[in-house]
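Chemist: Protein chains in written order, with this note's numbering: chain A, 1 to 361; chain B, 1 to 324.
In short, the hints are calculated from the structure, not lab data.
All figures in this text were calculated on a predicted structure; none of them were measured in a lab.
All C-beta atoms, glycine included, are put in the ideal place defined by N, C-alpha and C.
Just so you know, not all the hints are guaranteed correct.
[Claimed, not checked] Simulated pairs of lysine-lysine, DSBU-like, Cα-Cα distance not exceeding 35 Å:
(1) A/Lys-176 with B/Lys-209
(2) B/Lys-209 with A/Lys-80
(3) A/Lys-302 with A/Lys-279
(4) A/Lys-107 with B/Lys-181
(5) A/Lys-118 with B/Lys-3
(6) A/Lys-113 with A/Lys-182
(7) A/Lys-107 with B/Lys-209
(8) A/Lys-80 with A/Lys-107
(9) B/Lys-181 with A/Lys-136
(10) A/Lys-176 with B/Lys-253
(11) A/Lys-184 with A/Lys-118
(12) A/Lys-107 with A/Lys-176
(13) A/Lys-136 with A/Lys-65
(14) A/Lys-107 with A/Lys-184
(15) B/Lys-181 with A/Lys-26
(16) A/Lys-113 with B/Lys-209
(17) A/Lys-26 with A/Lys-118
(18) A/Lys-176 with A/Lys-113
(19) A/Lys-136 with B/Lys-209
(20) A/Lys-65 with B/Lys-181
(21) A/Lys-176 with A/Lys-323
(22) A/Lys-26 with A/Lys-80
(23) A/Lys-231 with A/Lys-26
(24) A/Lys-182 with A/Lys-26
(25) A/Lys-184 with B/Lys-8
(26) B/Lys-181 with A/Lys-80
(27) A/Lys-118 with A/Lys-182
(28) A/Lys-182 with B/Lys-209
[Stated by the list, open to error] If you anchor each label on the Cβ, the simulated ranges turn out as follows:
(29) B/Phe-17 with A/Pro-43: 55 to 63 Å
(30) A/Gln-178 with B/Thr-287: 32 to 40 Å
(31) B/Trp-166 with A/Glu-122: 35 to 43 Å
(32) B/Thr-287 with A/Pro-43: 42 to 50 Å
(33) A/Gly-45 with B/Trp-199: 45 to 53 Å
(34) A/Gly-110 with B/Ala-153: 48 to 56 Å
(35) A/Lys-80 with B/Leu-145: 45 to 53 Å
(36) B/Ala-83 with A/Val-7: 52 to 60 Å
(37) B/Ile-116 with A/Ala-114: 52 to 60 Å
(38) A/Gly-110 with B/Val-285: 31 to 39 Å
Spelled out from the first residue to the last, the chains are:
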Amino acid sequence: MARIDLVDLAHSYGGNDAPQESFALKPVTMTWRQGGAYALLGPSGCGKTTLLNVISGIITPSRGKILFDGQDITPLSTQKRNIAQVFQFPVIYDTMTVGQNLAFPLKNRGVPKAEIDKRVAEIGRLLDLEPYLNRKATRLTADAKQKISLGRGLVRSDVAAVLFDEPLTVIDPELKWQLRSKLKALHRELDLTMIYVTHDQTEALTFADTVVVMHDGRVVQSGTPAELFDKPAHTFVGYFIGSPGMNILPAEVRGREARIGGNVIALNRSYDNLPAGAKIEIGVRPEFVDAVAPAPGLLSAKIDRIDDLGRIRFARVRIGEAKIAARAPAGFTSADGTAGLRFDPAHVHVYADSLLVEGAA
Amino acid sequence: MDKTVNQKAWFLVLPVFLVVAFSAVLPLMTVVNYSMQDTFGNNQFFWNGVGWFKELLDPSTDLGGRFLASLGRNLFFSMVILAIEVPLGIVVALSMPRQGWTVAACLVILALPLLIPWNVVGTIWQIFGRPDIGLMGYTLNAMGLDYNYVSNAVDAWITVIVMDVWHWTSLVALLCYAGLKSIPEAYYQAAQIDGASRWAVFKAIQLPKMNRVLLIAVLLRFMDSFMIYTEPFVVTGGGPGNSTTFVSIELVKIALGQFDLGKAAALSLVYNLIILIVCWIFYTVMTNAGAERKVQAESEPATEPKPLAALKPVTALKPKEGVA
Chain A
1 MARIDLVDLA HSYGGNDAPQ ESFALKPVTM TWRQGGAYAL LGPSGCGKTT
51 LLNVISGIIT PSRGKILFDG QDITPLSTQK RNIAQVFQFP VIYDTMTVGQ
101 NLAFPLKNRG VPKAEIDKRV AEIGRLLDLE PYLNRKATRL TADAKQKISL
151 GRGLVRSDVA AVLFDEPLTV IDPELKWQLR SKLKALHREL DLTMIYVTHD
201 QTEALTFADT VVVMHDGRVV QSGTPAELFD KPAHTFVGYF IGSPGMNILP
251 AEVRGREARI GGNVIALNRS YDNLPAGAKI EIGVRPEFVD AVAPAPGLLS
301 AKIDRIDDLG RIRFARVRIG EAKIAARAPA GFTSADGTAG LRFDPAHVHV
351 YADSLLVEGA A
Chain B
1 MDKTVNQKAW FLVLPVFLVV AFSAVLPLMT VVNYSMQDTF GNNQFFWNGV
51 GWFKELLDPS TDLGGRFLAS LGRNLFFSMV ILAIEVPLGI VVALSMPRQG
101 WTVAACLVIL ALPLLIPWNV VGTIWQIFGR PDIGLMGYTL NAMGLDYNYV
151 SNAVDAWITV IVMDVWHWTS LVALLCYAGL KSIPEAYYQA AQIDGASRWA
201 VFKAIQLPKM NRVLLIAVLL RFMDSFMIYT EPFVVTGGGP GNSTTFVSIE
251 LVKIALGQFD LGKAAALSLV YNLIILIVCW IFYTVMTNAG AERKVQAESE
301 PATEPKPLAA LKPVTALKPK EGVA
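Just chain A, same shape as in the assembly:
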């Protein structure tokens, strides 16, 4: 158990001399507090697995340091790092029984037998593996095998952190829910720091109390699910989290007004000091745009289609080239295929070069 600090950490598969743009993991400095449940969220190839493997020591970083409780462990090998990791596909030692599989990490570290038996029994109970403990590990289904992998990750009580690398990929959707809730319960029960890598926002938002969003090798935002939803720090976060993602529109912003084409959208805050020459965009979640009957003063848009998701309907509309998703209130229909868009000023954010700009009150 430890606090994990990353100090200016970066990794390039092409060596340290490669241009920084090509780094798989661009310099990052951040802290993972002891006992937290973190999700590392991002699309495939954004560097999340690289970051995870750097923390666990499978990869030696090109630059920077990793501190466990203030102690630099960067040069230490994985074995000496006191960290557990669960991989995407189940790894089973198939000559061993389920119980021996669970005991393997402890046995390798010379834990006394009585202690091993106690931990294995406890983890077996927590993961519902008790009936299988004396059975060969090869004779099990994929999800049971992945449970064993999870169990091997959780069996050591003294680890600095448990890292999960998309561990539920091979599991059926229904079992996925069960296992995820199980992991959450285990997190509360065992008081371990857990870092959970996924590209699935639902998985990230339901598992973690802090979600770290990565994009193109960079950590773009880290915060609670609510923060990520309400105030995305980067247009990518807005777009990646939420379904449909945030609408991002190029606009001219002056003071408390944003102009798109000839139309004015009111803003809640004043933006007077926008950096010159930057690409200015506004971002607003579909949940805060209403598609209504066209009226003067409203941004007018062409309706492509209306998606009915059951409890909510989203109108897919177009302003010029820009595509927008907007909430279609119950009973909304359009006679001529056009709609007016009403924005909720409190939830319209301004981005300069993709980064959130805080306006003045």
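Following the hints, position chain B against chain A.
Modeler: Leaving out everything else, chain B in the frame of chain A:
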């Protein structure tokens, strides 16, 4: 159920059937025919029933004594080279590089002995071991060791075994290497995370995953070494005395040296039968191991495990628990 029934399809098998009949069945029946008769040349044959077979299995007769002695030598030879080549092949495979240009270099170097014809291998070692002009023989004698494979039975055995190890360890190594390459990287990473020592990684991951290829390697090496003829014949000619006379060498001596076609035919049938039986045992064990794996993949966790451990010969090679 809706499989089309068309008996005419048998005609497609006919060419193969004819070829096999002429190339295998007819010659084999000729041998069976010979094994029941005795000949004194001039193409004159006399019926002998199962007489040769009785003699063959009776150590007190000349034929039986020679056959059983050579069979014993042959089995001993196979055991020795298996005991050396399998562990050595594993070690070689483990120490081979996993990537880069050195992989290709290693593969080529390893494959070289396999490409050399048997009698050339024999000739190489025959000359290599000669005390007067052979590099190895001369060096050993210069070092004060009295090495001479022509006159000393132990030296002859050592030469034949070292030659076989040199010739065939590559095969085991290449098969093991293929097995090792098929292990996903995640297994090694997980083992690192689990704090496994090098030895524990070998025991828990590499050896179980090499299980299948090792079976194939053992099968191939057993068969080949059990049928060995050319290499020891070229090097030692079966000597000194009869000390390196294996079954096939004995067979050729009887068939071509003494022209005892009946005895030789009976011997070759029994020899063939032994090889077939061993092949069958290996085949059964291997397919059972494969079937078991399939069952494992499909079965629900609730099914009871069957006691199939006895069918996994590799567990015999497994090192003892707790050494790591």
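Chemist: Against this structure, judge whether each hint is valid.
Modeler: Status of the hints after comparison with the structure:
{"no.": "1", "hint": "A/Lys-176 with B/Lys-209", "verdict": "holds, 29 Å"}
{"no.": "2", "hint": "B/Lys-209 with A/Lys-80", "verdict": "holds, 26 Å"}
{"no.": "3", "hint": "A/Lys-302 with A/Lys-279", "verdict": "holds, 25 Å"}
{"no.": "4", "hint": "A/Lys-107 with B/Lys-181", "verdict": "holds, 27 Å"}
{"no.": "5", "hint": "A/Lys-118 with B/Lys-3", "verdict": "violated, 57 Å"}
{"no.": "6", "hint": "A/Lys-113 with A/Lys-182", "verdict": "holds, 27 Å"}
{"no.": "7", "hint": "A/Lys-107 with B/Lys-209", "verdict": "holds, 21 Å"}
{"no.": "8", "hint": "A/Lys-80 with A/Lys-107", "verdict": "holds, 15 Å"}
{"no.": "9", "hint": "B/Lys-181 with A/Lys-136", "verdict": "holds, 24 Å"}
{"no.": "10", "hint": "A/Lys-176 with B/Lys-253", "verdict": "violated, 71 Å"}
{"no.": "11", "hint": "A/Lys-184 with A/Lys-118", "verdict": "holds, 22 Å"}
{"no.": "12", "hint": "A/Lys-107 with A/Lys-176", "verdict": "holds, 30 Å"}
{"no.": "13", "hint": "A/Lys-136 with A/Lys-65", "verdict": "violated, 41 Å"}
{"no.": "14", "hint": "A/Lys-107 with A/Lys-184", "verdict": "holds, 27 Å"}
{"no.": "15", "hint": "B/Lys-181 with A/Lys-26", "verdict": "holds, 32 Å"}
{"no.": "16", "hint": "A/Lys-113 with B/Lys-209", "verdict": "holds, 28 Å"}
{"no.": "17", "hint": "A/Lys-26 with A/Lys-118", "verdict": "violated, 42 Å"}
{"no.": "18", "hint": "A/Lys-176 with A/Lys-113", "verdict": "holds, 33 Å"}
{"no.": "19", "hint": "A/Lys-136 with B/Lys-209", "verdict": "holds, 15 Å"}
{"no.": "20", "hint": "A/Lys-65 with B/Lys-181", "verdict": "holds, 33 Å"}
{"no.": "21", "hint": "A/Lys-176 with A/Lys-323", "verdict": "holds, 34 Å"}
{"no.": "22", "hint": "A/Lys-26 with A/Lys-80", "verdict": "holds, 26 Å"}
{"no.": "23", "hint": "A/Lys-231 with A/Lys-26", "verdict": "holds, 23 Å"}
{"no.": "24", "hint": "A/Lys-182 with A/Lys-26", "verdict": "holds, 33 Å"}
{"no.": "25", "hint": "A/Lys-184 with B/Lys-8", "verdict": "violated, 65 Å"}
{"no.": "26", "hint": "B/Lys-181 with A/Lys-80", "verdict": "holds, 26 Å"}
{"no.": "27", "hint": "A/Lys-118 with A/Lys-182", "verdict": "holds, 20 Å"}
{"no.": "28", "hint": "A/Lys-182 with B/Lys-209", "verdict": "holds, 31 Å"}
{"no.": "29", "hint": "B/Phe-17 with A/Pro-43: 55 to 63 Å", "verdict": "holds, 60 Å"}
{"no.": "30", "hint": "A/Gln-178 with B/Thr-287: 32 to 40 Å", "verdict": "holds, 38 Å"}
{"no.": "31", "hint": "B/Trp-166 with A/Glu-122: 35 to 43 Å", "verdict": "violated, 54 Å"}
{"no.": "32", "hint": "B/Thr-287 with A/Pro-43: 42 to 50 Å", "verdict": "holds, 45 Å"}
{"no.": "33", "hint": "A/Gly-45 with B/Trp-199: 45 to 53 Å", "verdict": "violated, 36 Å"}
{"no.": "34", "hint": "A/Gly-110 with B/Ala-153: 48 to 56 Å", "verdict": "holds, 50 Å"}
{"no.": "35", "hint": "A/Lys-80 with B/Leu-145: 45 to 53 Å", "verdict": "holds, 48 Å"}
{"no.": "36", "hint": "B/Ala-83 with A/Val-7: 52 to 60 Å", "verdict": "holds, 55 Å"}
{"no.": "37", "hint": "B/Ile-116 with A/Ala-114: 52 to 60 Å", "verdict": "holds, 59 Å"}
{"no.": "38", "hint": "A/Gly-110 with B/Val-285: 31 to 39 Å", "verdict": "holds, 37 Å"}
In this structure, the hints that do not hold are numbers 5, 10, 13, 17, 25, 31, 33, in rising order.
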